[in-house]
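Q: Sequence:
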Amino acid sequence: MSGKWTAPDIPDQDGRVAVVTGANSGLGRLTAIELARHGAEVVIACRSVQKGERVAEEVAAVASGPSPRVQELDLGSLDSVRAFAATFTAKQVGLLVNNAGVMMTPQRTTSDGFELQFGTNHLGHFALTGLLLKALERSQAARIVTVSSTEHKGGTIDFDDLQWERGYDRRGAYRRSKLANAVFAIELDRRLRETQSPAISLIAHPGYADTNLQRTGPTGLLRGLLEVSNRLVAQRPERGVLPTLYAATAAGVEGGDFYGPDGFNELRGYPKKVEAIPAAHDRETGERLWSVSEDLTGVRYLPAGVPAGS
76 MSGKWTAPDI
86 PDQDGRVAVV
96 TGANSGLGRL
106 TAIELARHGA
116 EVVIACRSVQ
126 KGERVAEEVA
136 AVASGPSPRV
146 QELDLGSLDS
156 VRAFAATFTA
166 KQVGLLVNNA
176 GVMMTPQRTT
186 SDGFELQFGT
196 NHLGHFALTG
206 LLLKALERSQ
216 AARIVTVSST
226 EHKGGTIDFD
236 DLQWERGYDR
246 RGAYRRSKLA
256 NAVFAIELDR
266 RLRETQSPAI
276 SLIAHPGYAD
286 TNLQRTGPTG
296 LLRGLLEVSN
306 RLVAQRPERG
316 VLPTLYAATA
326 AGVEGGDFYG
336 PDGFNELRGY
346 PKKVEAIPAA
356 HDRETGERLW
366 SVSEDLTGVR
376 YLPAGVPAGS
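Here my numbering is used: the first residue of the sequence shown is 76, the next is one more, and so on.
Keep in mind the hints are simulated off the structure, nothing from the lab.
Hints are not guaranteed to be accurate.
[Said to hold, decoys possible] Label pairs and their computed distance ranges (CB to CB): (1) Thr164 with Gly327: 40 to 46 Å; (2) Gln215 with Gly338: 34 to 40 Å; (3) Asp87 with Ala161: 26 to 32 Å; (4) Ala325 with Thr162: 25 to 31 Å; (5) Arg375 with Pro83: 17 to 23 Å.
[What the hints assert, rightly or not] Simulated crosslink set (BS3-like; lysine-lysine; CA at most 27 Å straight-line): (6) Lys209 with Lys166; (7) Lys348 with Lys166; (8) Lys228 with Lys348; (9) Lys79 with Lys126.
Glycine included, every Cβ here is placed at the ideal spot set by N, Cα and C.
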């Protein structure tokens, strides 16, 4: 890419249906606003419909295309994921932004019994992507953008203790979930290419952006340290959202691409192509994570990338 790409550079999104998870706040909210500003029909997918409706008013105020709609989606509940996806059975989706997440929370589990960060950040999005894949492939040029983090670089995936039963480390669990996001997105793109799917999978990360994520997950001293760090180091969320928007809309991107900020250590700046750690590209790890995710969620992708039984 050339120059400093910003939100006004987003090409026309007219006719495109965009599902954005976690669009009720933070970077998801900004993603929804900018996509709608450029013509997309945005689906605000979030746990709280009430919060989503408030954001929908903001989105509608700038939308140049159809009005946004709000749909309930709790990524920590596979029943909720299935109910959400069922509303798209006969529809097209041109863009799925797997944005929602939780960060460095105390040890808790999802309603299905999975460690909260792995269950929400990875397994919920794994299931959602599979269940929406037919709707995505109907659009002929769909993109699936999964939001990871620079924290993935410190992550490991212990397949013998995915649920942290041997002792919980909240930052380690977050890092694992973000590495799982990258591994999944890369493995997904491999499978899409192998089956000649019209959809592509990409990854983005915001660098260090000042969002509500740091204030709603961490507790105690950790939250205080992050708040200080936000004031001193973090970039504005309007800048942090740019890599996601670039991956979602820019011309010339390719499946498997990863976009983050162009500044020092990818903490701040404008979008550029970056690299995931080697572990994220390891095919054996990708295949194993895929298989485990299928077993845990019950959402099984056929060779053509379609959930079993559909």
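Q: State for each hint whether it applies.
A: For each hint, the structure was consulted:
1. Taken as a hint, the range 40 to 46 Å is violated for the pair Thr164 and Gly327, whose Cβ atoms sit roughly 32 Å apart.
2. At about 36 Å, the beta-carbon gap between Gln215 and Gly338 stays in the expected band of 34 to 40 Å.
3. The hinted window of 26 to 32 Å between Asp87 and Ala161 holds, with their beta carbons roughly 30 Å apart.
4. Evaluation of the 25 to 31 Å hint for Ala325 and Thr162 yields a pass: the beta carbon distance comes to about 29 Å.
5. For the pair Arg375 and Pro83, the supplied restraint of 17 to 23 Å is violated, since their beta-carbon distance comes to about 42 Å.
6. A C-alpha spacing of about 9 Å is found between Lys209 and Lys166, which places the hinted pair at or below 27 Å, so the restraint holds.
7. Proposed proximity of Lys348 and Lys166 is contradicted: the alpha carbons are some 32 Å apart, above 27 Å.
8. For a cut-off of 27 Å, the pair hint linking Lys228 to Lys348 stands: about 16 Å separates their Cα positions.
9. The hinted pair formed by Lys79 and Lys126 fails the criterion: a straight-line CA distance of about 33 Å is larger than 27 Å.
In summary, the numbered hints that this structure violates are 1, 5, 7, 9.
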